[in-house]
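With the hints as constraints, model all of the structure from the sequences given.
Going down the list, the protein sequences come from chains A and B. When we follow this note's numbering, the leftmost residue of the first sequence carries the number 1, and every step to the right adds one. When we follow this note's numbering, the leftmost residue of the second sequence carries the number 1, and every step to the right adds one.
This list has only true hints and no planted wrong ones.
Which copy is meant is left open, so a pair is good if it fits within one copy or across any two.
Cross-link-like lysine-lysine pairs, in silico, DSS-like; alpha carbons within 30 Å at most: (1) Lys23 with Lys126; (2) Lys101 with Lys23; (3) Lys101 with Lys137; (4) Lys126 with Lys161.
Simulated from the structure, these hints should not be mistaken for lab results.
Number of protein chains: 2
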Amino acid sequence: MKSLSSLEQMIEALRRLPGVGPKSATRMAYHLLQHDREGAQMIGQAMINGLNMIHNCGSCNTFTENTLCDTCQDSERDTSLLCVVESPSDQLMIEQTMTYKGLYFVLMGRLSPLDGVGPQDIHLDKLIRRATDGVVKEVVLATNFNNEGEATAHYISETLKVRGLHVSRLARGVPVGGELEYVDPGTIARAMLDRRNT
Amino acid sequence: MKSLSSLEQMIEALRRLPGVGPKSATRMAYHLLQHDREGAQMIGQAMINGLNMIHNCGSCNTFTENTLCDTCQDSERDTSLLCVVESPSDQLMIEQTMTYKGLYFVLMGRLSPLDGVGPQDIHLDKLIRRATDGVVKEVVLATNFNNEGEATAHYISETLKVRGLHVSRLARGVPVGGELEYVDPGTIARAMLDRRNT
Ligand SMILES: [Zn+2]
Ligand SMILES: [Zn+2]
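Structure representation (C-alpha cells):
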C-alpha cells in the first residue's frame, strides 16, 4: 500500500472540514500552494495553537482560553437567570439585543436522533448540574425555532421542570417590521394563538 | 487594539480558504473544536508539512516533492510532445484517457485580465523556455473550452508559433454518446464547422 504524498495528505485533511468534498478540498489545496502559502501557514499555526489553547468553559460550556469565560466571570450579571442556546453564535446574537443580563449555557449542538445526536452530546448532565446550583431560578430556552431546536427545548424543559426550575421559552410571533402579506402562515397562526392583551 | 483570541485566529485563518466566508469559517472552527479535534490536528500538520515539502516541478510546473515530478522522470514518455493544461486535475483527466504519451506543462491558472491574472501568473516564461528546448516539436493546448481557457490557448498559441513550434488544440465537437437534441447549439455549430471526412 502506497503512503499518501504530502499533497494528498493536505487534500485528505481539508476534507475533514464540514461541507468540503474531494473536489473543493483539491481546489483549496492547489489555491493555497500556488497563490496563498502565507494563508496555509496561518491555517496550520491557528489549528495547532487553537487545539492547545481552546477548551469549554467549566460553567457555561462555550469556548474559552480560561477556566471560566469572560461572561461567566462578569460580576454584573444576574445569576438567577440562565439562557440555553445551541451555539456561541446564538449567544452573540442575544447579547447584541442588549435585552438580557443573565448568564448562558451553550449546548454546542441540538438533539437530532436521526443523526445520532443524543442528550449526552449536548452536555445535558452539565446543564442539569449548572441549572440546579440553587442560585438559578429561571431557565430561558433560546434554541432555534426549527424542528430540532423545538424538540431540544421540549426535552430540556421536561428535564428541568421536574427538578423544580421555572422554565421559559423565547416568544414566537410576527417579526418586527414584518408585513403580514409576506409572513408565512405558520408564524401568523402562532402569533394569533399567542396574542397578547393591549 | 485588542489582539485576536485563539478562536478568532482560527476563524480568520479558515477564511483564507477559497469560497469560505465568515459564517462558514465560524461553523468550521466550532465543528473542529467541538466534534473533530483530530481533524484539526490533521489539518494543522498537513499544512505545515505540505509547505515544507511541496513545490513546483522544475520542468512541467506541477506540484511535486522532488526536483522533477514522476511524469517528467518517466523515460517512456514521448519528449517531442508537450501538452499544456491549466491544473494538475486537468492533467489527471487526460492521463486517464490513455491517449497521450507525451509530457505536460501545468499553467496553475489561466489568463483572466479582469481578475488581474496576466501572463507572468501562468508561468509563460517558464513555458516558453520549456517548449523551445529543441526537443519539443508539438505543443498541444488543452486549456478549458470556456472564454478564459480559449483566450489563454490563443495567447499561448501566438507566443509559441512565432518561435517556430507546431501548436495544436484539443478537438471540439459533440460529446461521445451525445444526443443532438440535448447538445447546446454552439457545440453543434462548432462540430459542423470542424466536420471530418469519413
Ligand atoms: Zn462561561
Ligand atoms: Zn514535472
